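Residues in the sequence shown are numbered consecutively from 590, following the numbering used here.
Careful: at least some of the hints might be erroneous.
To be verified - Below 30 Å or equal to it, Euclidean Cα-Cα: the simulated DSS-like pairs (lysine-lysine) are: (1) Lys709 x Lys699; (2) Lys603 x Lys591; (3) Lys709 x Lys651; (4) Lys603 x Lys647; (5) Lys651 x Lys591.
Unchecked claim - Per label pair, the in silico range of CB-to-CB distance: (6) Leu609 x Gly662: 29 to 35 Å; (7) Gly701 x Glu597: 35 to 41 Å; (8) Gln661 x Thr693: 16 to 22 Å; (9) Lys691 x Gly627: 31 to 37 Å; (10) Thr645 x Gly605: 15 to 21 Å; (11) Arg614 x Lys709: 33 to 39 Å; (12) Arg613 x Arg653: 18 to 24 Å.
Keep in mind that the hints were calculated from the coordinates and are not lab data.
Just so it is clear, the structure is predicted and the values come from calculations on it, not from any experiment.
In this text, a Cβ means the ideal position worked out from N, Cα and C, and glycines have one as well.
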Amino acid sequence: MKVLNVLEMAKERKIGQRRLDLFRRENLETWILWFPPGDVQIMHNHPSDRTYYVLTGKGIIKGRNETHEVSQGQIISIPAHEFYEGSNPNDEPMILLGNSHKATEEDVTKAGGQRNEIDKKTGKRIVYQHGGGQDMGVLADWN
Numbered sequence: 590m591k592v593l594n595v596l597e598m599a600k601e602r603k604i605g606q607r608r609l610d611l612f613r614r615e616n617l618e619t620w621i622l623w624f625p626p627g628d629v630q631i632m633h634n635h636p637s638d639r640t641y642y643v644l645t646g647k648g649i650i651k652g653r654n655e656t657h658e659v660s661q662g663q664i665i666s667i668p669a670h671e672f673y674e675g676s677n678p679n680d681e682p683m684i685l686l687g688n689s690h691k692a693t694e695e696d697v698t699k700a701g702g703q704r705n706e707i708d709k710k711t712g713k714r715i716v717y718q719h720g721g722g723q724d725m726g727v728l729a730d731w732n
């Protein structure tokens with residue numbers, strides 16, 4: 590068993606670091622996401638379900654056809670393969686506690702990789718085999 594103070598850990602993140610992993614187990618990952626004022630995350634998806642709990646601040650979680658304002662104490666559930674982005678148009682940081690189960694091989698195959706983003710120029714998917722930023726990504730047509 591391990592106990593962590595996530596708000597204290599958020600203060601220790603490196604400049605520019607959005608995600609800080611807390612636990613990485615065989616079938617479960619838990620992390621915090623830091624959104625400084627004005628930050629916008631690119632529209633993307635993952636091959637596994639995600640939940641985010643707003644620890645502090647407020648912001649916007651946007652899907653392809655919906656937008657939700659979120660604030661401290663709220664929880665967001667995002668199904669596998671659903672595109673979303675987070676943003677913070679406010680003056681104070683927004684900190685989210687996130688978790689997900691390890692994606693199954695079937696889910697990764699369905700997604701084409703570990704993460705997909707939407708290319709703003711072409712509207713096509715950018716498929717990353719190892720998660721955003723860990724490889725170059727490949728443009729792909731929608732299935």
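Outcome of the hint check:
1. Lys709 x Lys699: 22 Å, holds
2. Lys603 x Lys591: Status holds; Cα separation ~23 Å.
3. Lys709 x Lys651: Roughly 15 Å between the alpha carbons, so the hint for Lys709 and Lys651 holds.
4. Lys603 x Lys647: 21 Å, holds
5. Lys651 x Lys591: 33 Å, violated
6. Leu609 x Gly662: 29 to 35 Å: 21 Å, violated
7. Gly701 x Glu597: 35 to 41 Å: 38 Å, holds
8. Gln661 x Thr693: 16 to 22 Å: 33 Å, violated
9. Lys691 x Gly627: 31 to 37 Å: 33 Å, holds
10. Thr645 x Gly605: 15 to 21 Å: With a Cβ separation near 19 Å, Thr645 and Gly605 satisfy 15 to 21 Å, so the hint holds.
11. Arg614 x Lys709: 33 to 39 Å: 35 Å, holds
12. Arg613 x Arg653: 18 to 24 Å: 29 Å, violated
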